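Novice: Chain order of the listed sequences is S and Z.
Per our numbering, the very first residue in the first sequence carries number 1; after that it's consecutive.
Per our numbering, the very first residue in the second sequence carries number 1; after that it's consecutive.
These are computed hints drawn from the structure, not numbers from a lab.
Warning: the hint list may mix true and false statements.
In silico SDA-like links for lysine to any residue, alpha-carbon gap of 25 Å or less [to be verified]:
{"id": "1", "chain 1": "S", "residue 1": "Lys297", "chain 2": "S", "residue 2": "Ala194"}
{"id": "2", "chain 1": "S", "residue 1": "Lys279", "chain 2": "Z", "residue 2": "Asp231"}
{"id": "3", "chain 1": "Z", "residue 1": "Lys232", "chain 2": "S", "residue 2": "Ala194"}
{"id": "4", "chain 1": "S", "residue 1": "Lys39", "chain 2": "Z", "residue 2": "Asp231"}
{"id": "5", "chain 1": "Z", "residue 1": "Lys280", "chain 2": "S", "residue 2": "Arg8"}
Computed Cβ-Cβ distance ranges for the label pairs, DEER-style [to be verified]:
{"id": "6", "chain 1": "Z", "residue 1": "Ala354", "chain 2": "S", "residue 2": "Pro311", "range": "19 to 25 Å"}
{"id": "7", "chain 1": "Z", "residue 1": "Gly36", "chain 2": "S", "residue 2": "Ala120", "range": "22 to 28 Å"}
{"id": "8", "chain 1": "S", "residue 1": "Val377", "chain 2": "Z", "residue 2": "Leu54", "range": "37 to 43 Å"}
{"id": "9", "chain 1": "Z", "residue 1": "Ile48", "chain 2": "S", "residue 2": "Val252", "range": "45 to 51 Å"}
{"id": "10", "chain 1": "S", "residue 1": "Leu365", "chain 2": "Z", "residue 2": "Ala126", "range": "27 to 33 Å"}
{"id": "11", "chain 1": "Z", "residue 1": "Ser30", "chain 2": "S", "residue 2": "Leu290", "range": "18 to 24 Å"}
{"id": "12", "chain 1": "S", "residue 1": "Val252", "chain 2": "Z", "residue 2": "Val129", "range": "24 to 30 Å"}
{"id": "13", "chain 1": "Z", "residue 1": "Thr138", "chain 2": "S", "residue 2": "Val252", "range": "44 to 50 Å"}
{"id": "14", "chain 1": "S", "residue 1": "Ala276", "chain 2": "Z", "residue 2": "Thr47", "range": "28 to 34 Å"}
{"id": "15", "chain 1": "S", "residue 1": "Ser278", "chain 2": "Z", "residue 2": "Arg121", "range": "32 to 38 Å"}
{"id": "16", "chain 1": "Z", "residue 1": "Gly331", "chain 2": "S", "residue 2": "Ala185", "range": "52 to 58 Å"}
Please read these numbers as outputs of a predicted model, since none were measured by experiment.
We treat Cβ as the ideally placed atom computed from N, Cα and C, and that holds for glycine.
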Amino acid sequence: MTLFYDARIRAFLYQAIAIGAVVFVAWAMFSTASANLAKQDIATGFGFLARQAGFVITETAIAYEPTDTFGRAILVGIANTVKVSALAVLFGTILGVLVGIGRLSHNPVLSRLMLGYVEALRNVPLLLYLLLWYSLIISVFPPVRQAIEMLPGVFLSNSGLVMPAMRWASGFEALLIALLVGTAAAVVIERVLARRRIATGKEMPIATIAALAFLLPLVATSLLADISVSLDIPELGRFRLTGGYHVRPEFVALLIGLTLSASANVAEIVRAGIQAVSKGQWEAATALGLPRSRTLKLVILPQALRIIVPPLTNTYLTVFKNSSLAIAIGYPDLVMVSNTIMNQTGQAIEAIAIFMAVYLGLSILISLVMNWYNARVALRER
Amino acid sequence: MAQFEGFVADPTLMAPAARPPARNHTWLSSYFGTPGNALITILCLGTIFGLAKLAIGWLFVDAIFSGTPAECKASSGACWPFLSTKLRYIFFGFYPFDEQWRPLTAMLLFLGACGVSMVPRNWGRALAVTWIVVILPTLYTLMAGGLFGLTVVPTTQWGGLPLSFMLSFVGLACALPLGIALALARASSLPAIRVLGVGFIEIVRGVPLISILFMATVMLPLFMPDGVTIDKLLRAQVAIILFAAAYIAEIVRGGLQAVPKGQIEAGHSLGLHYWQIMRKIVLPQALKKVIPPLVGLFIGFFQDTTLVTIVGLLDFLDTVRTAMRDPQWQGIAVLEGYVFAAVVYFFFSALMGAYSRFLEQYFRTTHD
Numbered sequence: 001m002t003l004f005y006d007a008r009i010r011a012f013l014y015q016a017i018a019i020g021a022v023v024f025v026a027w028a029m030f031s032t033a034s035a036n037l038a039k040q041d042i043a044t045g046f047g048f049l050a051r052q053a054g055f056v057i058t059e060t061a062i063a064y065e066p067t068d069t070f071g072r073a074i075l076v077g078i079a080n081t082v083k084v085s086a087l088a089v090l091f092g093t094i095l096g097v098l099v100g101i102g103r104l105s106h107n108p109v110l111s112r113l114m115l116g117y118v119e120a121l122r123n124v125p126l127l128l129y130l131l132l133w134y135s136l137i138i139s140v141f142p143p144v145r146q147a148i149e150m151l152p153g154v155f156l157s158n159s160g161l162v163m164p165a166m167r168w169a170s171g172f173e174a175l176l177i178a179l180l181v182g183t184a185a186a187v188v189i190e191r192v193l194a195r196r197r198i199a200t201g202k203e204m205p206i207a208t209i210a211a212l213a214f215l216l217p218l219v220a221t222s223l224l225a226d227i228s229v230s231l232d233i234p235e236l237g238r239f240r241l242t243g244g245y246h247v248r249p250e251f252v253a254l255l256i257g258l259t260l261s262a263s264a265n266v267a268e269i270v271r272a273g274i275q276a277v278s279k280g281q282w283e284a285a286t287a288l289g290l291p292r293s294r295t296l297k298l299v300i301l302p303q304a305l306r307i308i309v310p311p312l313t314n315t316y317l318t319v320f321k322n323s324s325l326a327i328a329i330g331y332p333d334l335v336m337v338s339n340t341i342m343n344q345t346g347q348a349i350e351a352i353a354i355f356m357a358v359y360l361g362l363s364i365l366i367s368l369v370m371n372w373y374n375a376r377v378a379l380r381e382r
Numbered sequence: 001m002a003q004f005e006g007f008v009a010d011p012t013l014m015a016p017a018a019r020p021p022a023r024n025h026t027w028l029s030s031y032f033g034t035p036g037n038a039l040i041t042i043l044c045l046g047t048i049f050g051l052a053k054l055a056i057g058w059l060f061v062d063a064i065f066s067g068t069p070a071e072c073k074a075s076s077g078a079c080w081p082f083l084s085t086k087l088r089y090i091f092f093g094f095y096p097f098d099e100q101w102r103p104l105t106a107m108l109l110f111l112g113a114c115g116v117s118m119v120p121r122n123w124g125r126a127l128a129v130t131w132i133v134v135i136l137p138t139l140y141t142l143m144a145g146g147l148f149g150l151t152v153v154p155t156t157q158w159g160g161l162p163l164s165f166m167l168s169f170v171g172l173a174c175a176l177p178l179g180i181a182l183a184l185a186r187a188s189s190l191p192a193i194r195v196l197g198v199g200f201i202e203i204v205r206g207v208p209l210i211s212i213l214f215m216a217t218v219m220l221p222l223f224m225p226d227g228v229t230i231d232k233l234l235r236a237q238v239a240i241i242l243f244a245a246a247y248i249a250e251i252v253r254g255g256l257q258a259v260p261k262g263q264i265e266a267g268h269s270l271g272l273h274y275w276q277i278m279r280k281i282v283l284p285q286a287l288k289k290v291i292p293p294l295v296g297l298f299i300g301f302f303q304d305t306t307l308v309t310i311v312g313l314l315d316f317l318d319t320v321r322t323a324m325r326d327p328q329w330q331g332i333a334v335l336e337g338y339v340f341a342a343v344v345y346f347f348f349s350a351l352m353g354a355y356s357r358f359l360e361q362y363f364r365t366t367h368d
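Build the full structure now, drawing on both the sequences and the hints.
Specialist: As structure tokens, this is what we get:
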């Protein structure tokens with residue numbers, strides 16, 4: 001009995017019990033699951049990934065045909081998820097920063113309006129908004145047969161927006177490389193010149209030089225390389241539109257829903273961050289004669305960023321995870337593709353394991369990137 | 001003193017005593033002070049006016065207040081008859097029509113009990129015991145029946161707003177102790193316990209709720225021995241509890257970290273063991289600090305319960321959707337149901353948001 005009162009032995013005992021319980025539950029679940037699967041004649045393992053998928057995915061961020069494999073279908077799902085969340089994060093951040101600043105405006109009408117915007121978005125479930133936007137798009141716009149031709153070749157209907165697409169015959173890679181080279185050159189030149197300006201105090205047209213550095217490779221490539229582009233103009237058939245680039249209502253509804261909900265969260269974070277910067281900073285900047293907009297840009301926001309970035313990471317992760325609501329309106333994201341695979345193969349455990357692992361991995365990746373950015377903007381103790 | 005009198009000989013030569021700069025801000029100047037500001041005001045008022053016109057036009061001017069689906073189809077406004085005929089289905093789902101006074105009573109009792117419990121003065125052991133011994137059994141009996149001559153209603157017929165309340169409230173109530181346990185595990189000095197705690201919390205927080213609901217509804221039956229079936233509602237409820245627990249654990253961890261270390265050391269020096277220190281010293285202080293963020297979290301979970309409609313449970317959002325899909329009304333009431341559901345969700349969420357702000361204020365003014 002005295003052994004039980006030894007702190008070290010007790011610590012060991014507790015941990016052994018905890019690990020034992022987890023291992024036992026895992027083993028019990030594994031053995032019943034494999035027995036059940038064997039009885040229901042469901043295959044196990046990830047062999048199905050190499051088999052032909054055979055189902056259509058309406059929206060494909062990367063090339064996909066029904067003759068491709070299940071593995072390829074999952075990749076398409078991942079690409080679709082990443083595409084819609086990345087765009088929602090981008091637009092949501094821009095909109096959210098504007099709304100957050102508007103919330104702090106001295107103009108009572110503007111600040112109240114922004115408060116109403118934030119409250120309306122935060123107090124209603126995102127899923128409800130997604131369904132609402134989707135049914136609005138479907139019911140407001142006319143059916144395909146009566147599609148509105150806004151511009152020649154641009155059709156708007158309740159199956160989305162169809163517009164002419166560019167089909168690259170050749171020269172696409174060359175232009176892409178030129179774009180990358182130009183961006184890199186502009187960034188490097190901007191850095192070097194800014195450092196020189198700080199060192200010497202001489203004004204120079206940094207923005208113009210950087211813009212030239214960005215444009216030069218693009219212009220040179222388009223003049224020298226053999227580039228041929230053909231326009232794929234959509235045609236209105238009897239029941240559907242063929243050809244062109246198709247922006248589907250599922251994608252638009254999901255993007256609007258995610259963007260708005262992200263913007264409301266970003267707005268609250270930005271507002272709290274700006275309010276956390278001490279009032280003396282505003283007064284000092286005013287005393288130096290800076291107008292309000294430049295005070296905000298040069299003095300307040302850089303300091304607020306330190307407070308803003310950690311909760312912003314959480315918001316981005318939330319947007320990424322919320323993109324899984326796509327399944328409710330039929331946008332083929334990772335969850336929806338996995339669900340289809342689950343129904344076709346019956347391999348629920350594998351399908352769910354794959355998409356949970358992907359979400360977990362990408363969540364960790366986003367956290368790492370944001371932590372790196374946070375370390376950059378964090379206050380450097382001297 | 002006299003030798004200085006010459007300096008103040010002529011008061012007119014002195015600058016008049018400076019007064020603080022007058023604030024010539026009238027209320028008008030905050031709206032129209034500068035041209036830019038005036039433009040903002042006009043744009044905002046225009047937006048508000050436009051939205052209000054749209055809303056009033058749809059809700060009242062073009063709306064149909066009584067009539068048939070055909071009349072609604074002809075009009076561009078809101079279709080109120082849809083709501084009035086479908087209201088009981090939207091609120092209670094497939095609960096037997098003649099028995100719907102039971103979920104209504106249960107909901108009113110629940111909301112009343114919540115109202116009483118929201119007053120901080122009423123908090124205490126007696127309240128907790130009342131909830132566990134009186135209120136929850138009464139609610140369950142009302143919903144499920146089987147006692148006092150009430151007919152049995154299986155959970156497959158539960159639906160609507162009572163189901164949404166149940167999923168979120170029971171979810172959070174059960175997730176709270178689990179979340180506290182996880183937070184303690186994460187802060188534990190025993191490495192194996194800590195790893196298990198961190199692993200659970202981070203995995204659950206790294207994946208979307210829908211994946212956990214899928215796991216509970218699609219995957220879990222495969223893990224069950226033959227003949228054992230768990231109610232679908234219960235499975236979704238367990239998924240929500242596990243999901244909520246991970247988030248609660250992170251909030252509670254923040255509260256635990258805010259308790260000074262000296263408190264634990266003081267407990268040790270009094271000869272208390274770990275559980276006594278946690279129960280009597282650390283947790284009361286930590287939990288008090290995290291009540292406002294917990295209420296905020298609860299708003300999120302109340303809204304997240306709408307996700308169960310994806311796995312086929314008849315929560316409030318789902319009854320709204322199925323009501324709109326009724327062949328009689330299909331294509332006629334396209335938005336009415338969603339707008340109504342949005343108003344209901346907004347009402348309860350905003351109420352809890354106001355309560356969370358009240359609690360923050362309350363805890364700021366009382367002494368710790």
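Novice: Does each hint hold? Answer for all of them.
Specialist: Hints versus structure:
no. : hint                               : result
1   : S/Lys297 with S/Ala194             : holds (18 Å)
2   : S/Lys279 with Z/Asp231             : violated (57 Å)
3   : Z/Lys232 with S/Ala194             : violated (63 Å)
4   : S/Lys39 with Z/Asp231              : holds (22 Å)
5   : Z/Lys280 with S/Arg8               : holds (24 Å)
6   : Z/Ala354 with S/Pro311: 19 to 25 Å : holds (22 Å)
7   : Z/Gly36 with S/Ala120: 22 to 28 Å  : holds (26 Å)
8   : S/Val377 with Z/Leu54: 37 to 43 Å  : holds (41 Å)
9   : Z/Ile48 with S/Val252: 45 to 51 Å  : violated (26 Å)
10  : S/Leu365 with Z/Ala126: 27 to 33 Å : violated (50 Å)
11  : Z/Ser30 with S/Leu290: 18 to 24 Å  : holds (21 Å)
12  : S/Val252 with Z/Val129: 24 to 30 Å : violated (52 Å)
13  : Z/Thr138 with S/Val252: 44 to 50 Å : holds (47 Å)
14  : S/Ala276 with Z/Thr47: 28 to 34 Å  : holds (29 Å)
15  : S/Ser278 with Z/Arg121: 32 to 38 Å : holds (36 Å)
16  : Z/Gly331 with S/Ala185: 52 to 58 Å : holds (56 Å)
Hint violations for this structure: numbers 2, 3, 9, 10 and 12, all remaining hints satisfied.
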